[in-house]
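A.B. asks: Please work from the sequences and hints to get the whole structure.
2 protein chains.
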Amino acid sequence: MHSEDADDLGVKEGEVLLLGFKDVELYVKVIITDSELTQGEVGLYEELTQEYHIPEGRKILLDIPAPTKSLEAIRKKISGHRLNEEELLSIMEDIGSRRLKETEVAFFVATFFSPGFDDDEITWMTKGMAQSGEILDFKYIKDNKGLVVDKHSIGGTAGKGITPTLVPILAAAGLVVPNTSTRAITSPAGTTDILESVMPVALTKEEVYKVVEKTGACMIWGGSLYLAPADDEIISVERSLRIQEFQKVLVSIVAKKIAMGSTFVLIDLPYGKGTKLEKPDDLEFLSREFEKLFHRFGIKCVTHKRIVRGPDGNGVGPLLEMKECLKVLERDEKRSEELEDVVIEMAAKIFENNGKAKKGMGKKVTLDLLD
Amino acid sequence: MHSEDADDLGVKEGEVLLLGFKDVELYVKVIITDSELTQGEVGLYEELTQEYHIPEGRKILLDIPAPTKSLEAIRKKISGHRLNEEELLSIMEDIGSRRLKETEVAFFVATFFSPGFDDDEITWMTKGMAQSGEILDFKYIKDNKGLVVDKHSIGGTAGKGITPTLVPILAAAGLVVPNTSTRAITSPAGTTDILESVMPVALTKEEVYKVVEKTGACMIWGGSLYLAPADDEIISVERSLRIQEFQKVLVSIVAKKIAMGSTFVLIDLPYGKGTKLEKPDDLEFLSREFEKLFHRFGIKCVTHKRIVRGPDGNGVGPLLEMKECLKVLERDEKRSEELEDVVIEMAAKIFENNGKAKKGMGKKVTLDLLD
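Those sequence lines, one after another, are chains U and D.
Each residue of the first sequence is one higher than the one before, starting from 1 at the first, in UniProt numbering.
Each residue of the second sequence is one higher than the one before, starting from 1 at the first, in UniProt numbering.
Don't take every hint at face value.
Any copy, or any two copies together, can satisfy a pair, since identical chains are not distinguished.
As the list claims (entries may be wrong) - Calculated lysine-lysine pairs in the DSS-like style (CA-CA distance at most 27 Å, straight line):
1. 69 / 305
2. 279 / 76
3. 273 / 76
4. 76 / 214
Hints were generated in silico from the structure; no laboratory data involved.
C.D. replies: See the structure below:
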């Protein structure tokens, strides 16, 4: 089978498929190639074609067996039972490789709302989600004691200009900051959309390594890197719901950061009317859960809670928001003080937590870098 | 628009769609025909084609607006809130007319398992499900005081031979019994499959009326009658789960009986290891819920609880099971006593509850009819 077809169908080398031709039914083992066949073609060993009289150039049927283990686990969860590690890993693997139907993914997504998952289940799911795709490693870049820093916001209406302002400041202090962002999930435009107004954001893995080696940082779209693909599948199914359960937000973000090889993550938690966090209890809950879940994967997490009353900065729309970022970095007189303040506070926190500034000196270090 | 296309898309006459052609965007009202157009074609009034320069034979885009009310209601339910009548009716209508995506239906199905629905919600949902399709009326047939009788089993492994044996007995006593059955949902073959071994089961509405007027009864496949189509859509989505929540079973059966215009229904509740009812509590719960829900629609319901230890009768497989039924009716010496006993008990219950036999005399009346 051609590798592109195998990818599309979520079929792996060595897997057993049911082959049908007229009244012949055979179980066959998949071998993947991209030189011997073109897309849409399937090759069979000569013994097979002769023994079963399958002439060349004919259509055959290939049936991919349903992933019973993961489907069984979804059934178990929807009936209110707890899942074990093996079950959650198999669900994530089968979602990531698109072996589960969209409706089956929807049944799984529904269980986030009720009955929900306990800490262990969340950990296993996060692990499985991260393992469903590429895992990158930037620890060897620069003599940084293996430190790989990132910042992530839970999103909502506010804060899309922060990343493009903050990341260059962190890199200027010598930190390694491979940052990925998303396009809009529940709002009309995401950080990726803003960045794309001035630079390419869909890089290959090789390009990402090159950029980070050269500059210490990158700001790219996570979607082109095959990071935690199970998450992308889930997002595409849950999009029409237009609401994300908090545990789902948590798993999503932590899995992507594991896949990017982060060792320190600042989580931006904007709260207030119109954001994703309208209730103080939700804010405290999510803050605690992020720290706990990151910790389970050996990643240090610091949360940054800030109240917002509207979009940060003076600009709205990708290009205007990008201009606001540049104004802060270029020390423009008309820069947004609000955006600058948020960025300085975050940079200070990151510096103080990673040996780049002493306690209480983070803001000064940041301002020195800016001026 | 051609009627077949409209059916496929779930579009109704008079509905407003968004038409796109190049940079033209228009809201257009749907008129359905099956004479002026062939399938896949769409016709536009000449005023439109001239004013907006849309040449003949070109592809246009038709966007069907998302059913926001029902989707909003599904979101509300999945977040744990109670729904009102209007919301449940709109969900059922939009599922029945296929305006909701399969994943959205899956989100709704998941809420049966958790958080579940209260009595009012179940009633409104049942009403909406029945109203999503045709509603038949057999009250005028025979001078029967508007009595329309039916029997339904919740299914599982046992009891598929009961209906083909019982219905003719009921009809022989002068009852009106328009019975519909299903093909397999969670088991490999259903009552419909057995009946189909000896007679046509996919009748049109007109044919059904004709058969019932002539014989007093029918035994047909419900699937060809557009009865409660919302249920069929839900069943197709939940099939891969291979489990049905009890509330779902309840709503499904009651909605179909409302659509068939039943006024008295005997619900067969087989219980025991290997059936859908393994726990005594489930049996009592379902029995109570059936009586309650039918009552809310003015339908009298009597449940028939019976323990089973395997398939009824001696035959397994459509043709053998059909032969077993005929043996009982023909008083064959080698008939299955087990099947006969069950059928006689049910017939007795139905006769005693509908003035065809005095209390305690139902079995005698049934035996007299058989011999």
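A.B. asks: For the identical chains here, do residue 69 and residue 305 meet the 27 Å Cα criterion within one copy, between copies, both, or neither?
C.D. replies: neither (40 Å within a copy, 35 Å between copies)
A.B. asks: When no copy is specified for residue 279 and residue 76, does a C-alpha distance of 27 Å or less occur within a copy, between copies, both, or neither?
C.D. replies: between (32 Å within a copy, 18 Å between copies)
A.B. asks: Are the CA atoms of residue 76 and residue 214 at most 27 Å apart within a copy, between copies, both, or neither?
C.D. replies: neither (49 Å within a copy, 49 Å between copies)
A.B. asks: Checking residue 273 and residue 76: alpha-carbon separation at most 27 Å within a copy, between copies, both or neither?
C.D. replies: Classified as between: cross-chain Cα gap 20 Å, same-chain 37 Å, threshold 27 Å.
Of the hints listed earlier, those the structure fails to meet are numbers 1, 4, in rising order.
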